[in-house]
Amino acid sequence: MNRIANLQIGDSLTEIPLKPVTRLDLIKYAGASGDFNPIHTIDAEAEKAGLPGIIAHGMWTMGNLSKLFTPYLEEGFIQDYAIRFKGMVFLEDVITLTATVIEKQGGQVKFNVTAVNQHQKNVLQGDILFSI
Amino acid sequence: MLKSTIGKRSSKMKNTIERGSVRKFAEAIGDPASIYFDEEVGKNSKYKNNIAPPTFPVTFNVGSIPELNLPTEGLIHGEQIYHYTRPLVVGEDVYCWMEVKDYYEKSGNFGNMGFLVLTKHGEDPSGELLFTEERIVIISETVRKGMLV
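Order-wise, the sequence lines are chains A and B. This note's numbering puts the first residue of the first sequence at 96, with every later residue one more than the last. This note's numbering puts the first residue of the second sequence at -5, with every later residue one more than the last.
Derived from the structure by calculation, the hints contain no laboratory data. Among these hints, one or two may not hold up.
Here are the computed distance ranges between Cβ atoms for each label pair [unchecked claim]:
#1 B:87 to A:214: 41 to 47 Å
#2 A:119 to B:65: 25 to 31 Å
#3 B:-3 to A:203: 21 to 27 Å
#4 A:110 to B:38: 38 to 44 Å
#5 B:58 to A:187: 32 to 38 Å
#6 A:201 to B:140: 48 to 54 Å
#7 B:27 to A:187: 22 to 28 Å
#8 A:201 to B:106: 18 to 24 Å
#9 B:27 to A:201: 23 to 29 Å
#10 B:117 to A:186: 17 to 23 Å
#11 B:117 to A:201: 25 to 31 Å
#12 A:106 to B:117: 19 to 25 Å
Cβ atoms here follow ideal geometry from the backbone N, Cα and C, with glycine treated the same way.
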């Protein structure tokens, strides 16, 4: 495994493809996070809110995304993590997580991070400043 | 109406970071790494302890802002921004409070949208800042009208 300190601008971390999103994933996240908004777990509530079906918590996807950096926690930590939610994630969607270096300064490496669905649409986009 | 809530704060609440909660959270975000809950791995790590994933502060009790009465439906989560001075460690007490940092409106394709910026602050027992979490909530005109009733 390459060290983050050795990465150059334009280099990427190994992409992580997630398994298709299941209802149980979202029920577990609701329980662990305390976010019980029913549009994430109950079909009828999602439909009442004008959605075609339940959608993932934005924070479920953002929570997943940070695991790109978990193998590097001995080297440093996530100092800044900024995300814009750009699209909804539905059941059965297949999300891929990516991170690419966009800046390097001293002990800090800035990555552009995305979560992309099976239609190549960014559902989540932002940046992470990793501090070594 | 929402503009008048800018600067309003909740009172500080104590949150203890529990190993079991961190483990459940790590599993729920598909990141069940041993650094989050295995005591031996934590002790031997550079943090000398288990740490919490960066988005774990969503679980914290930050108190409520009496002047801020948001509806439970129709809110859109626009952005989420964390800043850390160091990772949070299992077992520590974090004192959290929330503030309405800003509110502004912008006209766009979907009408006049309101943007509410809520900032959570987490401090150690001596008042040193550990993290901030900024959440931007988008509130449509329709939902805002409902709030006036």
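**Asked** Has the hinted range 25 to 31 Å been met by the Cβ atoms of residue 117 (chain B) and residue 201 (chain A)?
**Response** holds (26 Å)
**Prompt:** Using the C-beta atoms of residue 106 (chain A) and residue 117 (chain B), is the stated range 19 to 25 Å upheld?
**Reply:** Distance hint for residue 106 (chain A), residue 117 (chain B) is violated at roughly 36 Å.
**Outcome for the supplied range 48 to 54 Å, where the beta carbon pair is residue 201 (chain A) and residue 140 (chain B)** = holds (49 Å)
**Asked** Does the Cβ distance between residue 201 (chain A) and residue 106 (chain B) fall inside 18 to 24 Å?
**Response** At 43 Å between Cβs, range violated.
**Message:** Does the beta carbon distance between residue 27 (chain B) and residue 201 (chain A) stay inside 23 to 29 Å, or does it fall outside?
**Reply:** Given about 27 Å between the Cβ atoms, the range holds.
**Asked** So the hint says 38 to 44 Å: do the beta-carbon atoms of residue 110 (chain A) and residue 38 (chain B) match that?
**Response** Cβ of residue 110 (chain A) to Cβ of residue 38 (chain B): about 29 Å, so the range 38 to 44 Å is violated.
**Prompt:** So does residue 27 (chain B) sit 22 to 28 Å from residue 187 (chain A), Cβ to Cβ?
**Reply:** holds (26 Å)
**Request:** Return holds or violated for the Cβ distance of residue 119 (chain A) and residue 65 (chain B) against the range 25 to 31 Å.
**Result:** holds (28 Å)
**Asked** Is 17 to 23 Å a correct range for the gap between the Cβ atoms of residue 117 (chain B) and residue 186 (chain A)?
**Response** violated (39 Å)
**Item:** Range agreement (Cβ of residue 187 (chain A) with Cβ of residue 58 (chain B), hint 32 to 38 Å)
**Value:** Holds - the Cβ-Cβ distance for residue 58 (chain B) and residue 187 (chain A), about 36 Å, lies within 32 to 38 Å.
**Prompt:** Quick one: are residue 87 (chain B) and residue 214 (chain A) within 41 to 47 Å, going by C-beta?
**Reply:** holds (45 Å)
**Message:** Holds or violated: the 21 to 27 Å window for the beta-carbon distance between residue -3 (chain B) and residue 203 (chain A)?
**Reply:** For residue -3 (chain B) and residue 203 (chain A) the Cβ distance comes to about 36 Å; the hint is violated.
Going through the hint list in order, the structure does not satisfy hints 3, 4, 8, 10 and 12.
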